[in-house]
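Colleague: Top line first, the protein sequences correspond to chains A and B. For the first sequence, this note's numbering begins at 1 and goes up steadily by one. For the second sequence, this note's numbering begins at 1001 and goes up steadily by one.
A portion of the hints provided could be inaccurate.
To be verified - Listed below are the simulated DSSO-like cross-link pairs for lysine-lysine, each with C-alpha atoms no more than 27 Å apart in a straight line:
no., chain 1, residue 1, chain 2, residue 2
1, B, Lys1057, A, Lys70
2, B, Lys1009, A, Lys70
3, B, Lys1057, B, Lys1014
4, B, Lys1044, B, Lys1009
5, A, Lys59, A, Lys70
6, B, Lys1057, B, Lys1009
Claimed, not checked - A few chain B positions that, by computed beta-carbon distances, are all more than 12 Å from chain A:
no., residue
7, Gln1006
8, Arg1011
9, Lys1014
10, Ile1054
Simulated from the structure, these hints should not be mistaken for laboratory data. Bear in mind that the values here come from a model prediction, so they are computed numbers and not experimental data. For every residue, glycine included, the Cβ atom is placed at its ideal position computed from N, Cα and C.
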Amino acid sequence: TQLLEQSPQFLSIQEGENLTVYCNSSSVFSSLQWYRQEPGEGPVLLVTVVTGGEVKKLKRLTFQFGDARKDSSLHITAAQPGDTGLYLCAGAAETSGSRLTFGEGTQLTVNP
Amino acid sequence: NAGVTQTPKFRILKIGQSMTLQCTQDMNHNYMYWYRQDPGMGLKLIYYSVGAGITDKGEVPNGYNVSRSTTEDFPLRLELAAPSQTSVYFCASSTGRPIDQPQHFGDGTRLSIL
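Only chain B is shown next, with the shape it has when bound in the complex (with noise of 0.2 Å):
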């Protein structure tokens, strides 16, 4: 039962570092979601994907890019890291819009910069 899967859980960056948050899903789900998630706040959509080749933005793409070249997936970049994208970053992914389908989260990566 992966579902899912995002690695790594845990990770601490230094400002101006880049790194790669990788979420793979074994679903063949078509539609798929990185969202930030901050203390006491809900959910705000960073980029989303509606299957292999297509990226789009969502309400807060500054300083994050993303590539879908397969539809299992849908690695987050993060090229010059600042200490405003120290959050709690989920992937998930569903089999249609959300107006229809429920969307299937990744535990996340907890992602500290300094």
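Looking at chain A on its own, in the form it has when it is part of the complex (with noise of 0.2 Å):
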């Protein structure tokens, strides 16, 4: 069974900080995706990792999949109220077929 462990589970912040999410395993995945979740919402893909190594800048968001590819982070910068939400890690194996499997996310709340 492939499990992604997501830390901070909870992060409280104030405007204008940064922050890093992290999604680890002890599987290799091939590729990874993170996605933000608002209340009452479903999942929202923000942006799919593929190469080891490889990093991937969303204006203030950037993603990075480890060398060895068990491992991700997000990092935010200059955190805006309109960040709040549920981050979750997913990823997605040869082994895992059709199957995706995600982190229990991390929910960031952006206080102004």
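Grab the two chains, each in its own frame, and use the hints to assemble them into the complex.
Modeller: Laid out in structure tokens, this is it:
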């Protein structure tokens, strides 16, 4: 069974601060996706990383896939209240076929 | 921009009752998924389908059934509702395998069993 552990589970910061969310596993993933979920809605894809060591930027969000493809991080620069939400990482592996394994999420609150 | 549509949005059931959660997508996606999300937790896969007529179990299939008679629809059936099935249920669809393609989610059905 492949597991993804996210940390921290909860994060409350002030507007303008920087933060990093981590997603770790003992298993190798072929690709890793990051989703954001707002209250009352389904998750929405932010980015997919597929190559070990890959770094992708989406405005103030920077995503990194570990060299060994077992971990990933999400860094937010100068957080804004609109960044508030549940951030989920999800991994896909050749051995898991059509299944996606989700982490338990990081609940981020950015206070004005 | 319908995407993935789930009905109902909210439902309260009594223990032992049955119900069907509806999911339909208008993107002609072959892959469809049902997840449950408990408070403070990520998503657990219940069942999935890679095309019409094909379904398979996920991590937590007990107490649920699915069918996939058309590409568009993927209903989830609870036969004998139990308190442990209180959760938020999400349906998702994609064009292909998770390695290659993102999943598109509906807004969920919040189900309480009392």
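Colleague: Could you tell me which of the numbered hints above are not met by this structure, giving the numbers in increasing order?
Modeller: 2, 7 and 10
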